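A.B. asks: Now for the letters of each chain:
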Amino acid sequence: MEVLATLTTLMLIYSLYLLYKFYSLKLSSDCYLIDYVCFKPSSDRKITTEMSGAIVDRNKTLGLSEYKFLLKVIVNSGIGEETYGPRNIIEGREDSPTFDDAMLEMDEFLNVSVGDLFKKTNISPQDVDVLVVNISMFSPAPSLASRIVQRHKMREDVKTYNLSGMGCSASMIGVDLVRNIFKSGKKTLAVIVTSESITPNWYSGTDKSMMLGNMLFRSGGCVMLLTNDPARQAQAKMNLKCLVRTHIGSNDDAYNCAMQKEDEVGRVGFHLSKGLPKAAVRAFAENLQQLAPKILPYSELALYMYRTIKQMAVKPKDSSSSAMARINFKSGVDHFCLHTGGSAVIDAVGRALGLSKYDVEPARMTLHRWGNTSASSLWYVLGYMEAKKRLRKGDRVLMISFGAGFKCNSCLWEVNRDLDDGDVWADCIKNYPPQSLVNPYMERFGWVNDHTEDSFKQSEREFLSTR
Amino acid sequence: MPSPPLPDFSSSVKLKYVKLGFRYIVNNFLTFLFVPVIISTILQFLRNGPDEILSLYNSLELDLIHILCSSFVLIFAMTVYFMSRPRRVYLIDYACFKPSPACRVPFASFMEHTRMICTDQKSVQFQTRILERSGLGEETCLPPANHYIPPKPTMEASRAEAELVIFSAIDDLVKKTGLKPKDIDILVVNCSLFSPTPSLSAMIVNKYKLRSNLKSFNLSGMGCSAGLLSIDLARDLLQVYPGSNALVISTEIITPNFYKGNRRDMLLPNCLFRMGAAAILLSNKRRDASRSKYRLLHVVRTHKGADDRAYRCVYQEEDSDGHCGISLSKDLMAIAGDALKSNITTIGPLVLPMSEQLLFFFTLVGRKLINPKWRPYIPDFKQAFEHFCIHAGGRAVIDELQKNLQLSAEHVEASRMTLHRFGNTSSSSLWYELNYIESKGRMRRGDRVWQIGFGSGFKCNSAVWKCLRTVKAPVDGPWEECIERYPVEIPEIVKL
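From first to last, the protein sequence lines are chains Y and F.
Everything in the first sequence is counted per the working numbering, starting at 1 for the first residue and increasing by one.
Everything in the second sequence is counted per the working numbering, starting at 1 for the first residue and increasing by one.
FYI, nobody ran anything at the bench for these hints, they're computed from the structure.
From a predicted model like this one, the values you see are computed outputs, not experimental measurements.
One side only, chain F facing chain Y, incomplete, derived with CB under 7 Å:
| hint | residue |
| --- | --- |
| 1 | 76 |
| 2 | 81 |
| 3 | 154 |
| 4 | 155 |
| 5 | 199 |
| 6 | 205 |
| 7 | 239 |
| 8 | 311 |
| 9 | 316 |
| 10 | 324 |
| 11 | 326 |
| 12 | 457 |
We put the CB at the ideal spot given by N, CA and C, even for glycine.
Okay, chain Y solo, but in the shape it has when bound (with noise of 0.2 Å):
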């Protein structure tokens, strides 16, 4: 009898242990972003929307139609006049990158800003399990995350990931992979680096839709440490509590809007049609779907579902897209953070979700002082929230951001402790919001809209030879 009482004890705590053991796995599911730095490029590497003139006029083929585009482009872009670019390109020597050149720009932001992050965080490289990097547009062998593994000396069983060619939205895939690398369970450190490479991909053609992605990117990068691992909760910054992805390449329209590719005469260059806000607003439409019941309360889910109802008591055939701008996401998120893919994308995005001044200020700010970063904006637009002290403990931090394929990529932060690192942002926070946005090259140079295509190659040839 003792016997049989004994084995039955010892069952039922090895079972409680395992359960025990069981759900600690399902707890430290958490997703810690510990820190985070953004990358600040030197000053020399500055380009204002002067040279930004002057490398458009480096490049002889284009006539007075593609002048003006180009010059509504840039004023219209919402970009000022600190913004960063690569050394080729400031250095005249945009039409022929070599490997060398692309190798340059991104050793410039790895050698800094990964070690700057292991320095702040006080952790040692040996520590990190998981490394993700993320560099759309330059893959080398070996891969960018084989390269950091070698200067920092990371340890050989180091999981790393090279993604590549996944757009502007893929700081958010890499904290996917992260996220679901940590429901593992077990105690796990992981670094995202996410840039973008500029250098390699100018384009020298006469394609208006591609010289686009020539006048908005910029350089910039990121790098973020998080963790599962519930003993550094004290130390972190957020706490990731969703997120939710959407891929709508299964439509031919969306999958073609923003492609690389050759132009008539061979050269490669980023195309961005003009099916492209359309894409954007059924890709985010898709994601506003599953992303809303993950993050506002019931109420608002409540007086959503009666809205809609007596809205389609009223008019029983109406589009949902006007009930889609009464729901009040302001509710369930006290910040956001917008994708700085233009002053256009902002707008929209902030007209669709309900936002005011000063909710979209973070984004119009970055867009101005870095301009269109890509993967890497949404850390410069966090920066921002940080810098200016508005972020509380307890407060929710929304980021969207769209990609080429066409995703859109959002996910939902809650802020561990007050947070008022000004990072990047510290020496100039203070000029920010600036008296104006309006682009100094409007004042200089509206005359191109008073020309015809003759007298405008005249005039142009008298006017830049004053310069």
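Chain Y is fixed; fit chain F onto it per the hints.
C.D. replies: Below, chain F without anything else, positioned relative to chain Y:
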């Protein structure tokens, strides 16, 4: 005076039987322990007779409560145990790209093209020598763009090659498994040297109209070992999403990577890399277990990038004329051997039977404490695996691994024949090799397969699979038409 080294006993026949006996005893230790105990218990019962047993049972004073509690605890313990196990990952099936004969590059074609494209006579001679000793055959294939003189590496041609190889492989896989594209939950694509925006994964989403909440990942730049890396990623994702399947695509796109210069260390890839792709369907659903071919047991990844020499041994850079190419250093074999040793150190304890592990342990202890001149014991991996798929990176890699792991010619036959028939197809070569073994009718239920991949970085990744059902030849796949002719004798040097 140093003590004489331990004589080479392994050649002694008597020792072979001792070793065999040792293996039997250690591997079946528990059986040897339990069998006498069970026999003696049975004898005891028989001696006592049924009445005594009954009285013994009654003396326990068991009543219903005790029995119920005990059975409840037993069931509870078993449930929790099964729930906390990691999800099993099954390989339902896989398909390899079967190149059309129109893309064939026999030696004569390759040399003719080389002579017309290459300006430097020395480079032509070098490439001739490489091709003679490469172990490649006359039926390897290059993409259409590389058949032009000079090759036309446009982005459009690269995308065309990607569509050709990837879509053929996926179409084959769909036919074999009855997979509906809308059912794919996870998509992982790895292609090292071609990474357009939107990615190849987006290209697949577009062509097959995959779902919008699909989890897709596009890995790039990760070398020839990236196939197993993708399997590892898919496995990690399948642990998180129950009841899902994952499509893994491993390929290498040759078109944009033709090297136009004259540096010898960069001309090697031109000679060795060929067109290929593989599509693999993984699942974690229990009901797929009955129709799956393999189950994934282990994946072990080793990254030697911290060592500068290892990092630089496969390196993409520009030569002095501005031509971009991938240089392969002379240390490649040594570094590969080193990476393999590190990988084995991790995978050994997971797969080797107890006898091998004890021998290795004792030899290690002996070398440290008794006599450092003892030869290090190389565990016999043939005890742990029935089949080996070694990345067909080149003849030298296969030779080196055969020596390191002490494998017989039959074990490396799949790798050598794949190199001969398809060339170095990078990350997909492991799947061509697996298909060879299946086509030869050698794959039986319960067999374990070890796939080893090497790649730039320098990485060594291994995967261990267990076969769940005997694969009957003939097998649908790239070897279908030519398996009868294999194995072929591959001469040391083919005279060109």
